[in-house]
Amino acid sequence: MLKTLKTLVYLLTSIALLVSFETGAMAAKKSKTLKKTQKMGYVRCGVSQGLPGFSNADASGNWSGVDVDVCRAVAAATLGDSGKVKFYPLSAKERFTALTSGEIDVLSRNTTWTLSRDADIGLTFVGVNFYDGQGFMVRKGSGITSTSQFKSGISACTNIGTTTELNMRDFFNSKGIKYEPVAFEKADEVVAAYDAGRCDTYTTDKSGLAAQRTKLSKPDDHIVLPETISKEPLGPVVRQGDSVWEDIVRWSLNVMIEAEEYGITSANADSMKSSENPAIKRLVGAEGELGAAFGLDNDWSLRIIKQVGNYGESYKRNIADTGILPDRGPNQLWTKGGILYVPPAR
Amino acid sequence: MKIKNFNLGLGNFLDNNPKLSNFLPQAVTLFAIIFIIGFFTFNAQTNMDTRGIDFGFGFLSQESSFDIQFSLIDYDGSHSYAKAYLVGLLNTLLVSAVGIFFATVLGVIVGISRLSSNYLIAKLAEIYVEIFRNIPLLLQIFFWYFAALRALPLPNEAITFFDVSFLTIKGFFIPKFVWTNFPVVFYSFVAAIVSIVFIYIYGKRKQEATGQRIPVFFISIALLVILPLVASLLGGVSVELETPLLVQQSETIFNFKGGINIIPELMALALALSLYTATFIAECVRAGIMGVGKGQKEAAASIGLTPGQVLKLVIMPQALRIIIPPTTNQYLNLTKNSSLAAAIAYPDLVLVFAGTAMMQTGRAIEIVSITMLTYLSLSIAISIFMNWYNKKIAIKEK
Chain A
1 MLKTLKTLVY LLTSIALLVS FETGAMAAKK SKTLKKTQKM GYVRCGVSQG LPGFSNADAS
61 GNWSGVDVDV CRAVAAATLG DSGKVKFYPL SAKERFTALT SGEIDVLSRN TTWTLSRDAD
121 IGLTFVGVNF YDGQGFMVRK GSGITSTSQF KSGISACTNI GTTTELNMRD FFNSKGIKYE
181 PVAFEKADEV VAAYDAGRCD TYTTDKSGLA AQRTKLSKPD DHIVLPETIS KEPLGPVVRQ
241 GDSVWEDIVR WSLNVMIEAE EYGITSANAD SMKSSENPAI KRLVGAEGEL GAAFGLDNDW
301 SLRIIKQVGN YGESYKRNIA DTGILPDRGP NQLWTKGGIL YVPPAR
Chain B
1001 MKIKNFNLGL GNFLDNNPKL SNFLPQAVTL FAIIFIIGFF TFNAQTNMDT RGIDFGFGFL
1061 SQESSFDIQF SLIDYDGSHS YAKAYLVGLL NTLLVSAVGI FFATVLGVIV GISRLSSNYL
1121 IAKLAEIYVE IFRNIPLLLQ IFFWYFAALR ALPLPNEAIT FFDVSFLTIK GFFIPKFVWT
1181 NFPVVFYSFV AAIVSIVFIY IYGKRKQEAT GQRIPVFFIS IALLVILPLV ASLLGGVSVE
1241 LETPLLVQQS ETIFNFKGGI NIIPELMALA LALSLYTATF IAECVRAGIM GVGKGQKEAA
1301 ASIGLTPGQV LKLVIMPQAL RIIIPPTTNQ YLNLTKNSSL AAAIAYPDLV LVFAGTAMMQ
1361 TGRAIEIVSI TMLTYLSLSI AISIFMNWYN KKIAIKEK
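Order-wise, the sequence lines are chains A and B. Position 167 (the first sequence) corresponds to 167 in my numbering; numbering is contiguous. Position 196 (the second sequence) corresponds to 1196 in my numbering; numbering is contiguous.
To be clear, the hints were calculated from the coordinates, so they are not data collected in a lab. It is possible that part of the hints are untrue.
To be verified - Derived lysine-lysine pairs resembling DSBU-like cross-links, with alpha carbons at most 35 Å apart: (1) Lys86(A) to Lys35(A); (2) Lys273(A) to Lys336(A); (3) Lys316(A) to Lys186(A); (4) Lys1312(B) to Lys1392(B); (5) Lys86(A) to Lys215(A); (6) Lys175(A) to Lys1257(B); (7) Lys1336(B) to Lys215(A); (8) Lys218(A) to Lys1257(B); (9) Lys306(A) to Lys231(A); (10) Lys1257(B) to Lys231(A); (11) Lys1257(B) to Lys186(A); (12) Lys151(A) to Lys215(A); (13) Lys178(A) to Lys1336(B); (14) Lys35(A) to Lys316(A); (15) Lys1257(B) to Lys178(A); (16) Lys1083(B) to Lys175(A); (17) Lys1083(B) to Lys178(A); (18) Lys140(A) to Lys1257(B); (19) Lys86(A) to Lys1336(B); (20) Lys1257(B) to Lys151(A); (21) Lys151(A) to Lys178(A); (22) Lys151(A) to Lys1083(B); (23) Lys231(A) to Lys86(A); (24) Lys1176(B) to Lys186(A); (25) Lys175(A) to Lys215(A); (26) Lys1257(B) to Lys1176(B); (27) Lys35(A) to Lys281(A); (28) Lys1336(B) to Lys186(A); (29) Lys151(A) to Lys140(A); (30) Lys1083(B) to Lys186(A); (31) Lys1176(B) to Lys151(A); (32) Lys1257(B) to Lys215(A); (33) Lys140(A) to Lys215(A); (34) Lys306(A) to Lys336(A); (35) Lys1176(B) to Lys175(A); (36) Lys231(A) to Lys1083(B); (37) Lys1176(B) to Lys178(A); (38) Lys32(A) to Lys186(A).
All of these numbers come straight from a predicted model, not from anything done at the bench.
Chain B extracted, bound-state conformation (with noise of 0.2 Å):
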């Protein structure tokens, strides 16, 4: 009887002070979520404690003793897990960029080609995507990176293009362009890309000021080659070619050095990665396209407007509204996808780092919060970016 009334009260008490009654839940909320953060940490330390580990990042400065296969930037077991840690970042970045800019391309032609007017076309884009959705993603990953093992030739038997380039099982071998005086071939690149920025925005103006376009787009590829070509004539600029050679290590081993290799494992979880992406944002360009009123094509081509203009012009930015969103949540879904690379040994941060690094020190906690905070903050990015963009391109209420 007490405590009814005692909640009654309670309850009264509430309803008159709004701002309290809107407080109470939500600091009451906070606290728990406090609390079992705090509990966990707290059982996490006291179970590390009885166990004689210890808990601390000093380790990222030790020499972490160990190679990697492939890196973008100079690295060998005497640098620390530190650099290590940024090894596996710049190789997850490197094939998750691959991967959507392939995916994309793909992507777009496939949904594109679904609504072709061209049974043969529509029927081919439909059949890749149910095939290529419905497989799971590692298992095409294994297929990709096996298939392509067994079918690829040994170094001494390589697919050559060129002379330049082997295709061979230990990955694709490319000529290496070594440059001298290359600072002026990249300032001159950063130049024309400025100046092509300025253009563009030139042309628009004088488009809505008069209706009369410029060719922007062939002036800016002439100025992309241009401007770096005349610049490294005057500069000095002189670039050769390291192709790759063939040596011989015993009687059947060969491989090739120098130049850039290309590793198979590489080239198998990019292909895999956008093959199978690339179903999905086909499916959000078509659902897009799908979406834009029947009218408005229609509309566009009585004024005379040519299909591709009715496409460039009328239809894809009205389509892109709707294609945006989903295939943000298809970029966020292949950079994490890029983690199974270490079922087929491409050294991404979760082989390198949340796997070789993890077992020689045994920092289980520290890494694998470095590993999902970075996760984490690689998906906010591509999230932010995409928002903006879509910001961007969203109607503009005058």
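Bound-form chain A, shown alone (with noise of 0.2 Å):
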């Protein structure tokens, strides 16, 4: 008897004190994240499952892609080093909430931007790294060039999760069309089951498209038809309720954007600290204060510079160079005919 009340009275304390832990670390404090991330000594970034160009791992388990140097550029403003980030493949279903629950505190993941997704669940976008659309791919024996010749029982093959499921009904139902939706959780099997024939058309973004076309057994023999059904505005995504944080990742970013618009690139970063123009001497720390609103030294832009490099190698190096999308189509800076443009920092 006494044995059982002991029992209870150390389960009752420990519950007792696992609460006001609890509350205590829930408690507001000026960004946590970035408090939290520096005592770990990693960020913690979400990433696809293998999607070349954005997040894709080589044979040794290192990442590489736009969406991975967006995290890289936030471990390189925030630790110092953009190597000290640990990623957490997730799959379009997992995404948002690995995100909401706190196992990761930064998504890039080819993620759409939308009213719902924002407003709606937790959510903070905080900017755009690739303007995309979603397209279809068909084979290429297949005498399809053009959306307008799909007719009705095309089966079409996609991921769930997505806002691709939705912007497919939107687009066949207003041509009349009836369709077989076989959507799949992983993409792998995706591109398997397109590859065996069991879909006449695969559909995501096109950015996707183009990616996993590599992964099919002969590439050559598909083609991504011309048309865009939808706007696909990819961007880095933060839990909501630390502005603090959602502001670095949102200025790690655009500072890779700006840096290109100027002309910084990782070679040239360091001499660039002599530059006349106070523009380029503020983003590589010669000038002002940048880092002191976020609590961060004043060489945090000139490390994203320097160990990741501006948006213009990022996409050279993971995009155009593999292969995946030599055109930078939409992706090119406003000051050469594309609509990437970022806000000024200042």
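Assemble the dimeric complex from its two separately framed chains, guided by the hints.
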């Protein structure tokens, strides 16, 4: 009897301790995410399960891609080393829960910015690192060269948990076409099923089509149709409720894009400190106190440029040189005919 | 010193109040459980509040705006999330029912075969059991799905059965019956089943009273065929076959239109679930039969029963009592394993509701709770049914 009582007392005490600990941690502090990240020594970053050009791991487990570079930039800014990132490969279905539940702190996983995602489920989109749109891939021999040739009865392979499923319905409905949606949880299975001939067409974001095409058994037998059926601005996401962390991620991305605008590269960043242009001097930390607002030192942006490079370098390294999408299209700077335009870092 | 006295006092106090000493630990445990649940609810609530997520089931009536490949009821994206849930649930029930049926048939056959005196049959059954129960189910599902996909032809080169059914990579297309005056057929079927139940009871009573057996099985079959047939002829029922038609969509893309399409995802999943679970059921059956005393079999044979009668009247009724409880577990496992469907795009409850719907609404807590409750209810329903059946066949002490 006495023993039972003792055990119960222990149990209740430990629960009480747990409660007080949790409430303590819950109290609002200035960027607790930044504090936690610096304490852990790495940035927890959610990425895809393998999308060449965006986030893809090589045989030895090294991640690369433009989405990966956003996380590396955050690590360079907050921890001083772009290598201090722990990557969490997530399916489309898992990604938001992983972020809202606090398993990761940045989600950089070719994620489309939409109103309902931004407003409804506890997320905040911080910017756009790739302007994309949904397209279709078909077999070259099928004779289809435009989406206007689609007819009722067509089967379309895609992923669940994406805007793709919704756009596809809007598109086929507006054309009065009956279609068979075959939706998989993981991208690799979509590719395998399409490759085997289960579906007549494979639909997802066009960048995704270009990247996944490289995984098909005969990539040259497939073409991406010219039509784009939706707007898909892809960008990094953070949890709602830590506006300082939100700013850190937003401006880590913006610095990369603005560095390209001013011609600052990983190679010339140090020498740019003696530039005449104050905008350039601010970006390389030779003037102003930009980092202080986030609780960072003044070299945070210089480290991003030196360790990760500017946006153009990242695009060239990951997407252009790998042959996925050599033409930058809308993802060119606004000064060169594209729509990449970020607020000034000042 | 004081505390010790207090404890001693409490101990004596409880010892003198046996009712209270039974009641107190239970009350404290109950309190602790309520407290823990309350704590987690409170914690989730606080965290959701700070992140601007609200909690509620209002989303169920919203338009889902996504389509589902395969549905037993009328559904498209203009229907609600609640209806999408129903589509997923029905698809889960369908694949579970099909899986349980084939797993049971195959399991019983293999289980009996393992005890066969024929070396080849017994060995083949053993090899089958050892292979299929030792490979993870997910791998088997992938194997059947992608192996089948790669082996099956495109629609324009379909494997044809009697010119009306076509097996292709896009599914197994079979003809659809289009009925006129369908209720007549339906009610005559119901009438046939009701009369079969009465004949069964009558036959049993007669055998108990006089020892005479009437051929209940053949009468049942006859009733099941003749009654609906006569009713159809009198009630003006006609049936038309809607056969699938090959339609060309582009130079190389063909597809079938009309009829019923059994999608390859359903076939692969049902096949994998049946083959996997059948191995466990086969072992239950083998254990059950071996658990019946050898003397029973010999005694039954000595009073002149044929081997078939021995199995049906003496061995199986006793073996079933051993077989049913572990087989119930296998049925529950199969139902829960059907949630692996998500890997191969079969639109079951997990893929449709805990997948797409959860993503589109972002209501993780609500949807995961509903899904968990659904599987729990399904499992409990199967348990209740199997326990009822088990009680029914149990030895009735007189």
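Taking the hints in turn, this is what the structure says about them:
1. Lys86(A) to Lys35(A): holds (16 Å)
2. Lys273(A) to Lys336(A): Answer holds: Lys273(A) to Lys336(A) is near 25 Å, not above 35 Å.
3. Lys316(A) to Lys186(A): holds (27 Å)
4. Lys1312(B) to Lys1392(B): holds (17 Å)
5. Lys86(A) to Lys215(A): OK: Lys86(A) and Lys215(A) at ~25 Å, within 35 Å.
6. Lys175(A) to Lys1257(B): holds (19 Å)
7. Lys1336(B) to Lys215(A): holds (33 Å)
8. Lys218(A) to Lys1257(B): It holds: about 29 Å lies between the C-alpha atoms, which stays within 35 Å.
9. Lys306(A) to Lys231(A): Measuring from Cα to Cα gives roughly 32 Å; hence the hint holds.
10. Lys1257(B) to Lys231(A): holds (33 Å)
11. Lys1257(B) to Lys186(A): holds (29 Å)
12. Lys151(A) to Lys215(A): holds (27 Å)
13. Lys178(A) to Lys1336(B): holds (32 Å)
14. Lys35(A) to Lys316(A): holds (33 Å)
15. Lys1257(B) to Lys178(A): Within the cut-off at roughly 11 Å; holds.
16. Lys1083(B) to Lys175(A): holds (25 Å)
17. Lys1083(B) to Lys178(A): The hint holds at about 20 Å.
18. Lys140(A) to Lys1257(B): Satisfied, since the Cα-Cα distance of roughly 24 Å is no more than 35 Å.
19. Lys86(A) to Lys1336(B): holds (33 Å)
20. Lys1257(B) to Lys151(A): Distance ~12 Å between Lys1257(B) and Lys151(A) Cα, so the pair holds.
21. Lys151(A) to Lys178(A): holds (8 Å)
22. Lys151(A) to Lys1083(B): holds (27 Å)
23. Lys231(A) to Lys86(A): holds (30 Å)
24. Lys1176(B) to Lys186(A): holds (33 Å)
25. Lys175(A) to Lys215(A): Holds, because 31 Å separates the two Cα atoms, which is no more than 35 Å.
26. Lys1257(B) to Lys1176(B): holds (11 Å)
27. Lys35(A) to Lys281(A): Roughly 28 Å between the alpha carbons, so the hint for Lys35(A) and Lys281(A) holds.
28. Lys1336(B) to Lys186(A): Roughly 20 Å between the alpha carbons, so the hint for Lys1336(B) and Lys186(A) holds.
29. Lys151(A) to Lys140(A): holds (17 Å)
30. Lys1083(B) to Lys186(A): holds (25 Å)
31. Lys1176(B) to Lys151(A): holds (23 Å)
32. Lys1257(B) to Lys215(A): Distance ~32 Å between Lys1257(B) and Lys215(A) Cα, so the pair holds.
33. Lys140(A) to Lys215(A): holds (16 Å)
34. Lys306(A) to Lys336(A): holds (23 Å)
35. Lys1176(B) to Lys175(A): holds (28 Å)
36. Lys231(A) to Lys1083(B): holds (29 Å)
37. Lys1176(B) to Lys178(A): Roughly 19 Å separates the two Cα atoms, so the pair holds.
38. Lys32(A) to Lys186(A): holds (33 Å)
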